[in-house]
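J.: Residues per chain, in single letters:
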Amino acid sequence: MVIISLLIRLRRLSCLLVLLVALTPAWSKPKPKPQADLTVRPLPADRTTIVSLRRPAEQQLREFRAQREFQYVEVKSEHSAWDLFWARVWQWFSSLLATRGGRIMWEYGIYALLLIGFVFVVLKLMQVDITRAFGRAPRRSSLAYDTTTEDIHTLDFSALLAEAEATGNYRLAVRLGYLQVLKQLTDQGLIQWQPEKTNHDYVHELGASSLRPPFRELTQQFEYVWYGEQNDLSAAQYALARDARVAFQRQLASTRHAA
Amino acid sequence: MENNSPLPFSAADDAAPETGAAATSAFAPRTDLSGLSRHAEAIRQELSKIIVGQHALAELLLTAILADGHVLLEGVPGVAKTLTAKLLARTLAVSFSRLQFTPDLMPSDVLGTSVFLPNKSEFEFRPGPIFASIVLIDEINRAPAKTQSALFEVMEERQITQDGTRYPMTDPFVVLATQNPIEQEGTYRLPEAQLDRFLFKLNVGYPTLEEEVAILQGHHSGLGGTSLERVQAVLTADDLRQLRAQVQRQHVEPKLLEYIARLVGQTRAHKGLYLGASPRASLSLLNGAKALAALRGRDFVTPEDVQYLAPHVLRHRILLTPEREMEGHTADDVVQQIVQQIEVPR
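Chains as they are written, first to last, in full-length UniProt numbering: chain A, 1 to 259; chain B, 1 to 346.
Isolated chain A, as found in the complex (with noise of 0.2 Å):
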């Protein structure tokens, strides 16, 4: 309130400055300084003095014409072929749409599109893989893992080991007869089969049974055979390993007939 009391009051006295000003006498106003004669007089005709008109030279004027920078052609812009498509496209659809079927179906696409996004932004976010829905096969690493395996539960054992016997492929004989006890031990359900466990686990799985040392012991035969890439292994070498799963083969069947 202070302040537009201050400013009306500036405002007023303003006013009368300027009242004050307006009748001060002309005496007090300073007197104008004496200006020089300015006034323009035309000149003198001079008679005497011969106009010459200069022109330019037409050769010169041609090679001016002659520039490039001096064609002022208006070139006419052409549509190419992609711009007559999408004129055509734009066209089609225009006509489209004046059309009452053309308006519902765009009027009702424009919802479907948004529900289509809606429902991938939800299954994205609930990290659904789509990609088997169209039939696509799930992305997978570069180094796919051997899905050839062997089955132990398919595997003609008896002829894969007379064969590599035969051959003399005495570590893949190691392996196959391991392979078998593994069968054997399963169809028991003296052990739980699966690919994902180690031979250690299915020795832990035995227990404090009996035939736990025995199976060990083969564990740590077929081991130092396979993972030790033991290829020179001997007939006399072989004979032990055979020796070994053969008595623990024997020692298996009593137990299933004691049980």
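Keep in mind the hints are simulated off the structure, nothing from the lab. Incorrect hints may have been included.
Unchecked claim - Here are the simulated distance ranges between beta carbons:
(1) B:MET326 / A:LYS124: 13 to 23 Å
(2) B:GLU211 / A:ALA208: 18 to 28 Å
(3) A:GLY168 / B:GLN248: 57 to 67 Å
(4) A:ALA208 / B:LEU216: 43 to 53 Å
(5) B:ARG30 / A:GLY168: 15 to 25 Å
(6) A:LYS124 / B:GLU327: 16 to 26 Å
(7) B:TYR274 / A:GLY168: 44 to 54 Å
(8) A:GLY168 / B:MET326: 54 to 64 Å
As the list claims (entries may be wrong) - A few chain B residues that don't get close to chain A, going by computed Cβ distances all over 12 Å:
(9) SER37
(10) PHE101
(11) PHE131
(12) ARG166
(13) PRO181
(14) ARG189
(15) GLY218
(16) ARG230
(17) ASP239
(18) LEU256
(19) LEU275
(20) ASP299
(21) VAL306
(22) GLN340
No experiment lies behind these values; they were computed from the predicted model shown. Just so you know, even glycine gets a beta-carbon here, dropped at the ideal spot from N, CA and C.
Use these hints to put chain B onto chain A, whose structure you have.
T.: Only chain B this time, still in chain A's reference frame:
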């Protein structure tokens, strides 16, 4: 290691599988590992003079030394992280250096610096404490990232470059670092690039009740304590180099290489992980498995070796997604999940 930990890879799992030197004589190792076993046993004996329990930790430290890798020991204060590292260094007859990382530590405090000599009018490089065979970095995560970055070159390339001059480290060169969990006051998370340079990250847990009683009894009777003089050096640098060469010649079945690559590769595709492990992790897993197999008396690697080392190699190299972290999962949980998903080569 953690004996009563709820983590999937606790001491119970750390126990050696039922295989090793006691295998059938007909299939004895083709490589003579008796020298390695003798040295390893001697180191274990020296460590057990002071340290009660922690057998799995001792085995993993030996594995890292044989695999030419650096080790990060993490645990709450008072669980003998630093003591174990000091004792291990003492069992090796090599140069030893200790660095206490603090928030104001500068890279030149670690690597060394060039000093101007007025009488010669030239600069002379004064090596820092990093120039030793065994370097114990205590409380490594109390220094800022700037100082941590100074370790990148030396940990990976075993050299430092100062003023355009290359200064190689001595062989062996092993960094044993200790840190408190990052939740502790005044600690920082180490850069991923640095974490990747550690072969293992070992979680040091509390001792069992029996072990803690044994610690108290030893201390009460005056036999315990931390008198390092009782620990003798039992392995020279030359011995260590020979043992490492032997470890490098271990047999690894080709399917096992694929198994390692699949394990590590799965960390990059796992939905619960924000950052997967690098190819350096695959190499670490391979080298570690070879060393562990040798320590266990075998001249070949088995899937158990790989599975056993997987959490120690991978836990510090992977980052969980925020969702997984909020659900209470740990890196060890995810590693165990991955191990259980991958088919074992047989």
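J.: For this structure, which hints from the list above don't hold up?
T.: 3, 4, 18, 20, 21, 22
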